[in-house]
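J.: Here's the letter readout for the chains.
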Amino acid sequence: GQSLEQPSEVTAVEGAIVQINCTYQTSGFYGLSWYQQHDGGAPTFLSYNALDGLEETGRFSSFLSRSDSYGYLLLQELQMKDSASYFCAVRDNDYKLSFGAGTTVTVRA
Amino acid sequence: EAGVVQSPRYKIIEKKQPVAFWCNPISGHNTLYWYRQNLGQGPELLIRYENEEAVDDSQLPKDRFSAERLKGVDSTLKIQPAELGDSAVYLCASSKDRDRTYEQYFGPGTRLTVT
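Protein sequences, first through last, are from chains L and H.
So that you can map any letter, position 72 of the first sequence is 77 in our numbering, and since no number is skipped, the others follow by simple counting.
So that you can map any letter, position 42 of the second sequence is 45 in our numbering, and since no number is skipped, the others follow by simple counting.
The following block holds chain L by itself, in its conformation from the complex:
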């Protein structure tokens, strides 16, 4: 089975940097995805890491360490519109995506 842990809540001010950590225990690990979900909205894909290292997409970056079963999502230059829930999700070798419980990010002015 899959087990993912991420913090439940993070609060930061506009312009700040936030790092959301995700640790996982899984059989057949293949890669780690990140999704954003605004309140009442649909989850939207942000990034995917299959190999160790950092992937940068604009203000958002994602990191993976397979040996540590650990990844993080880095949100830079926080904006009010970044207030949302962020989910890490493990992709296994059976093509299944299993989601964590999510981290609620609140951005204050």
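Hint data in this document are derived by calculation from the structure and do not stem from the laboratory.
A virtual CB, placed ideally from N, CA and C, is assigned to each residue, including glycine.
Misleading hints may appear alongside valid ones.
Said to hold, decoys possible - DSBU-like cross-link-like pairs, simulated, lysine-lysine; straight-line CA separation at most 35 Å:
hint, chain 1, residue 1, chain 2, residue 2
1, L, K86, H, K14
2, H, K99, H, K74
3, H, K19, H, K81
4, H, K14, H, K74
5, L, K86, H, K99
6, H, K65, H, K81
Said to hold, decoys possible - One-sided and incomplete, this derived list gives chain L residues near chain H with beta-carbon spacing under 10 Å:
hint, residue
7, Y35
8, G36
9, L37
10, S38
11, G45
12, F50
13, Y53
14, A55
15, F92
16, C93
17, A94
18, R96
19, D99
20, S103
21, G107
Position chain H against the provided structure of chain L, taking the given hints into account.
T.: Okay, now just chain H, sitting in the frame of chain L:
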């Protein structure tokens, strides 16, 4: 390009009644997923289709839930009879194929309330 379409957006029913949800995935996406999302939790997979074949339904409560994807395009998820614990948001998602399961496109969901 149109996104994943789901209907209805909201549904309120009494327990023991049947309910059905419909999903039309992004055109050309072979893989379709149904998830259930409870408040404050991440989506949980109910069933995955590759074309018209259900390839992972291990988390689908088969005593009351059923799904179909005739012709390998749109799909229907049914609950009969509904229970109070079924209140949740039911999300449909699609990906180009199973290799891109890491990049799924979600519909807006159906918020089900069972009273």
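J.: All hints, please: hold or fail.
T.: Hints versus structure:
| no. | hint | result |
| --- | --- | --- |
| 1 | L/K86 with H/K14 | holds, 29 Å |
| 2 | H/K99 with H/K74 | holds, 16 Å |
| 3 | H/K19 with H/K81 | holds, 13 Å |
| 4 | H/K14 with H/K74 | holds, 26 Å |
| 5 | L/K86 with H/K99 | holds, 28 Å |
| 6 | H/K65 with H/K81 | holds, 10 Å |
| 7 | Y35 | holds, 8 Å |
| 8 | G36 | holds, 6 Å |
| 9 | L37 | holds, 8 Å |
| 10 | S38 | holds, 5 Å |
| 11 | G45 | holds, 9 Å |
| 12 | F50 | holds, 5 Å |
| 13 | Y53 | holds, 5 Å |
| 14 | A55 | holds, 8 Å |
| 15 | F92 | holds, 5 Å |
| 16 | C93 | holds, 9 Å |
| 17 | A94 | holds, 7 Å |
| 18 | R96 | holds, 5 Å |
| 19 | D99 | holds, 7 Å |
| 20 | S103 | holds, 7 Å |
| 21 | G107 | holds, 5 Å |
Consistency note: the structure conflicts with none of the earlier hints.
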